[in-house]
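Peer 1: One-letter residues, chain by chain:
Protein chains: 2
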Amino acid sequence: MTGHQLVLATRNRKKLAELRRILEPVVGLDVLGLDDLPPFDEAPESGATFAENALAKARDAAEATGLAAVADDSGLTVDALNGMPGVLSARWAGRHGNDLANLELLLAQIVDVPDERRGAAFVCTAGLVLPGGAEHVLEAEMRGRIIRRPRGSGGFGYDPIFIADGHAMTTAEMTPEDKDAISHRGKAFRALLPLLDADLG
Amino acid sequence: MTGHQLVLATRNRKKLAELRRILEPVVGLDVLGLDDLPPFDEAPESGATFAENALAKARDAAEATGLAAVADDSGLTVDALNGMPGVLSARWAGRHGNDLANLELLLAQIVDVPDERRGAAFVCTAGLVLPGGAEHVLEAEMRGRIIRRPRGSGGFGYDPIFIADGHAMTTAEMTPEDKDAISHRGKAFRALLPLLDADLG
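In the order they appear, the protein sequences are chains A and B.
Quick note on the working numbering: the first sequence kicks off at 114 and runs consecutively.
Quick note on the working numbering: the second sequence kicks off at 114 and runs consecutively.
For reference, chain A alone in the conformation it holds in the complex:
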């Protein structure tokens, strides 16, 4: 497959860079972010699940552009918060929050939670909508735990306070390649690659 365009329905530049890295193996795929396209109406992320949000974003982008579109909705599910912040991960400290405010709020909320109850998982749901209307949803997770102080400057979001099971570094301390190899987003989007290869051709 060569010369095909795929829209990644995100305005998050760090997420876009991660997704481009992961999708590189699809030879000849031209990956566009929303900022590379004329503006269109985007529905708010008001779904109750990652899958609803991911599909809604991919559908909006596919309809507006006529191109194949991929979106992810991803987030951190913290056991001691009953799986929250979940779909609200990017807005945990409020609409005008940012990565640091979100992360500091989460640390403050679970400051009294002992080590044995600090389990968490990063979850990624990837939604793919093809020009013909076919839809695919894939979900993957990376289990781990929340530490007490941020470490590392790589990645984004909650990476500085998350250590994956079987690892010693936070995902913000890992190289991008090492993170992609184990990450929720790496796993979900690698599972999409065969669909892109087959259906975009």
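One thing to keep in mind: the hints can contain errors.
Since the list can't tell identical chains apart, any single copy or any two copies may satisfy a pair.
[To be verified] For lysine to any residue, the following SDA-like pairs were computed, each having C-alpha atoms within a straight-line distance of at most 25 Å: (1) K128 to A234; (2) K128 to V224; (3) K128 to D225; (4) K127 to D225; (5) K127 to G245; (6) K300 to G207; (7) K128 to P227; (8) K127 to R261; (9) K300 to A221; (10) K300 to A177; (11) K300 to E217; (12) K127 to E229; (13) K300 to H209; (14) K300 to A214.
Hints were generated in silico from the structure; no laboratory data involved.
Given the structure of chain A, go ahead and fit chain B onto it with the hints provided.
Peer 2: For chain B alone, kept in the frame of chain A given last:
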């Protein structure tokens, strides 16, 4: 039963006033708050459930004073937050938060959640520990929904943004007596009254 002392294991003055109101029918009961007693070591509220926290607080107070002790752990469980803030209700905006900061954070987090998914419940777990060591736990809830802007100046905590099912006013707009009649705390503590009458005698 006359002349018996009961410790209410709380430092929250508004909660203390509510509990005193509800316990008034127990004739001759002398109700003390923690601020009426010499200081003692209080464990942090680190339990995963309301019941763990309520019993821990009541046990600490009963052991330190030799008196019967009642504690409540209560909070708001919001459907769109998977039941959170729950046991973290009083510290939702962080350790140094306050009622207003907690309430505003919660409104901001669910700002995109549509009306039909704004269900919530106030939950109260009352723990009673008697001098002989007997323990009782009672739980009650008040179902309702979260509105979009605070209304009313009564009550405390999340009262200004909560409307109970079948009502039109927030619990912060109701009279104390009307609130007690339907509230989680009113129901749980009224269920304790017979135990106090019987066991403290």
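Peer 1: Given a CA cutoff of 25 Å, do K300 and H209 count as a within-copy pair, a between-copy pair, both, or neither?
Peer 2: neither (30 Å within a copy, 39 Å between copies)
Peer 1: How would you classify K127 and G245 at a CA-CA limit of 25 Å: within, between, both, or neither?
Peer 2: neither (29 Å within a copy, 61 Å between copies)
Peer 1: Pop the pair K127 and R261 into one bin, within, between, both or neither, using alpha-carbon distances up to 25 Å.
Peer 2: within (24 Å within a copy, 32 Å between copies)
Peer 1: First find the shortest C-alpha distance between K128 and V224 inside one copy, then the shortest across copies, and answer within, between, both or neither for a cut-off of 25 Å.
Peer 2: between (28 Å within a copy, 24 Å between copies)
Peer 1: Reference check for the pair K127 and E229, CA-CA at most 25 Å: within, between, both, or neither?
Peer 2: Neither: 31 Å inside a chain and 34 Å across chains, both beyond 25 Å.
Peer 1: At most 25 Å between C-alpha atoms: does K300 with A221 qualify within a copy, between copies, both, or neither?
Peer 2: Neither way: K300 and A221 sit 30 Å apart in one copy and 32 Å across, limit 25 Å.
Peer 1: What label fits K128 with A234 when the C-alpha limit is 25 Å: within, between, both, or neither?
Peer 2: Answer is within: at 18 Å inside a copy they meet the 25 Å cutoff, but 36 Å across does not.
Peer 1: Within a copy, between copies, both or neither: where do K300 and A177 come within 25 Å Cα-Cα?
Peer 2: For K300 and A177, neither the intra-copy (28 Å) nor the inter-copy (54 Å) Cα distance is at most 25 Å.
Peer 1: Have a look at K300 and E217 and pick one of within, between, both or neither, based on CA distance no larger than 25 Å.
Peer 2: Neither, since 27 Å and 36 Å both go past 25 Å.
Peer 1: Measure nothing new, just compare the shortest in-copy and cross-copy C-alpha distances for K128 and D225 to 25 Å and report within, between, both or neither.
Peer 2: Cα proximity of K128 and D225: across copies only (22 Å, versus 31 Å in one copy).
Peer 1: Have a look at K300 and A214 and pick one of within, between, both or neither, based on CA distance no larger than 25 Å.
Peer 2: neither (27 Å within a copy, 38 Å between copies)
Peer 1: At most 25 Å between alpha carbons: which applies to K300 and G207, within, between, both or neither?
Peer 2: neither (29 Å within a copy, 33 Å between copies)
In this structure, the earlier hints numbered 5, 6, 7, 9, 10, 11, 12, 13 and 14 are contradicted, and the remaining ones agree with it.
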